[in-house]
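Undergrad: Let the sequences and hints guide you as you build the complete structure.
The sequence shown maps to residues 1 to 322 in this note's numbering.
Please keep in mind that the hints were generated in silico from the structure rather than gathered at the bench. Model, not experiment: these values are computed from the prediction. Please note that the accuracy of each hint is not assured.
To be verified - Heads up, simulated PhoX-like pairs for lysine-lysine below, C-alpha to C-alpha not over 25 Å straight-line:
no. : residue 1 : residue 2
1   : K229      : K295
2   : K65       : K158
3   : K143      : K65
4   : K295      : K266
5   : K266      : K209
6   : K143      : K158
7   : K135      : K158
8   : K135      : K266
9   : K143      : K209
10  : K209      : K229
As the list claims (entries may be wrong) - Cβ-Cβ distance ranges computed for the label pairs, FRET-style:
no. : residue 1 : residue 2 : range
11  : K208      : A253      : 54 to 64 Å
12  : E321      : P207      : 43 to 53 Å
13  : A253      : L182      : 15 to 25 Å
14  : G162      : R76       : 30 to 40 Å
15  : R211      : G232      : 19 to 29 Å
16  : N303      : P207      : 41 to 51 Å
17  : P307      : M80       : 32 to 42 Å
18  : D109      : P276      : 35 to 45 Å
Ideal placement from N, C-alpha and C gives every residue a C-beta, glycine not left out.
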Amino acid sequence: MAEVSALPERLLVAIGGNATHPGHIRGTVAEQVEIAAATGQALLPLMQLDNELIITHGNGPVVGKMLMRQALARSRVAPMSLDICVAHSQGGIAYLLMQALENALREADNPRHVVCLLTQVEVDPDDPAFGSPSKPVGFFYSKDEADALAGEMDWLMKEDAGRGWRHVVPSPEPRHVVDISLIQALARQGAVVIAGGGGGIPVIRGPKKVRHGIEAVIDKDLTSALMAKVLGIEEMLILTAVPRVSIYFGTPAERALGRVTLSELKRHHADGQFPPGSMGPKAEAAIRFLESGGKRVVIGHLNEALPALRGETGTQVVPDEG
1 MAEVSALPER LLVAIGGNAT HPGHIRGTVA EQVEIAAATG QALLPLMQLD NELIITHGNG
61 PVVGKMLMRQ ALARSRVAPM SLDICVAHSQ GGIAYLLMQA LENALREADN PRHVVCLLTQ
121 VEVDPDDPAF GSPSKPVGFF YSKDEADALA GEMDWLMKED AGRGWRHVVP SPEPRHVVDI
181 SLIQALARQG AVVIAGGGGG IPVIRGPKKV RHGIEAVIDK DLTSALMAKV LGIEEMLILT
241 AVPRVSIYFG TPAERALGRV TLSELKRHHA DGQFPPGSMG PKAEAAIRFL ESGGKRVVIG
301 HLNEALPALR GETGTQVVPD EG
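TA: Here it is as structure tokens:
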């Protein structure tokens, strides 16, 4: 794979929820601190570049565990609405990341600051997603547990591929990142900016621009693509737990993609190569970003951030030639 001749001066990096809380851990504080520290070391080469750097992150399975806590304690503690759960997860994850990233910088004798902005993202109250909730969040439950939670918590429960019942919520399109000018101002001053965690806290805007939260979960990768587009950032790095995007995944015909054009990625996406619960949102975000004028999207492993940005590894998605 050909290397990129020059590294971007402005970059948005989207990292998955596994950067602080992979699904296989119990979720103790010690585990999360250790994993966040590893993420700090993985991102250190990017933070040491002379660039504007914005980092977004996922929030699963943290939100799912919050919902489980509410389900278990529902007879004694008043439950929080989903937008507040997203806000809690956004702040907690960003705290761990902010501390881990700054610690990595200080250990390298780098004085660069890391800041976090609690980020609201506006959605359309008439988005079709509100009429057809489909995004599973949280744990699997038995039919009896699901029926009880549906009645007591007013949750919509659906069976998930024969594996059990899960809480499903609307996942509307991100329309506007609130106070995005502040994100830009901080990045221009040289700080590493953590924003848009978990896709952003979902809010709707009424008369006189008055906002209030709404029960939903916004896709993190779509919010990342929108943020990069509005800020005029031309390159986006999506870091995951796999080194490259693959087609025919899990079959004898599986093939990893190196350099792929926008049209090729769209064709693979239309063919159903990327499942909605894993690589699908990343492919969709890459498509939207490039169609809106972006120059390159790199999808690669968290531990290969700088090599992927250099074009040495990862899947490099570029506009069609000509």
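Undergrad: Decide, hint by hint, whether the structure agrees.
TA: Hints versus structure:
1. Simply put, K229 and K295 have alpha-carbon atoms about 11 Å apart, close enough for the 25 Å limit, and the pair holds.
2. Between the alpha carbons of K65 and K158 the distance comes to roughly 18 Å, so the proposed pair stays at or under 25 Å and holds.
3. Of the pairs offered as hints, the one joining K143 and K65 holds, with about 19 Å between alpha carbons and a cut-off of 25 Å not exceeded.
4. Simply put, K295 and K266 have alpha-carbon atoms about 16 Å apart, close enough for the 25 Å limit, and the pair holds.
5. Of the supplied pair hints, the one linking K266 and K209 is violated, its CA atoms being roughly 36 Å apart against a limit of 25 Å.
6. With a CA separation close to 9 Å, the supplied pair K143 and K158 stays within the 25 Å bound.
7. For the proposed pair K135 and K158, the alpha carbon gap of about 10 Å is at most 25 Å, so the pair holds.
8. Between the alpha carbons of K135 and K266 the distance comes to roughly 22 Å, so the proposed pair stays at or under 25 Å and holds.
9. In summary, the hint linking K143 to K209 is not supported, as the alpha carbons are separated by about 42 Å, beyond the 25 Å threshold.
10. About 23 Å separates the Cα atoms of K209 and K229, which keeps this hinted pair within 25 Å; it holds.
11. Distance hint for K208 and A253: a CB-CB separation of about 56 Å, consistent with the stated range 54 to 64 Å.
12. Range check, E321 to P207: Cβ separation about 48 Å, and the 43 to 53 Å hint holds.
13. Between A253 and L182 the Cβ separation comes to about 47 Å, which falls outside the hinted range of 15 to 25 Å.
14. Here the CB-CB span from G162 to R76 is close to 33 Å, well matched to the stated 30 to 40 Å.
15. The supplied range of 19 to 29 Å is met by R211 and G232, whose beta-carbon atoms lie about 25 Å from each other.
16. At roughly 48 Å, the beta carbons of N303 and P207 sit within the given window of 41 to 51 Å.
17. Judged by the Cβ atoms, the range 32 to 42 Å given for P307 and M80 holds: they are separated by roughly 41 Å.
18. For the hinted restraint 35 to 45 Å between D109 and P276, the CB-CB distance of approximately 44 Å keeps it satisfied.
Checked against the numbered hints given earlier, the structure breaks hints 5, 9 and 13 and satisfies all the rest.
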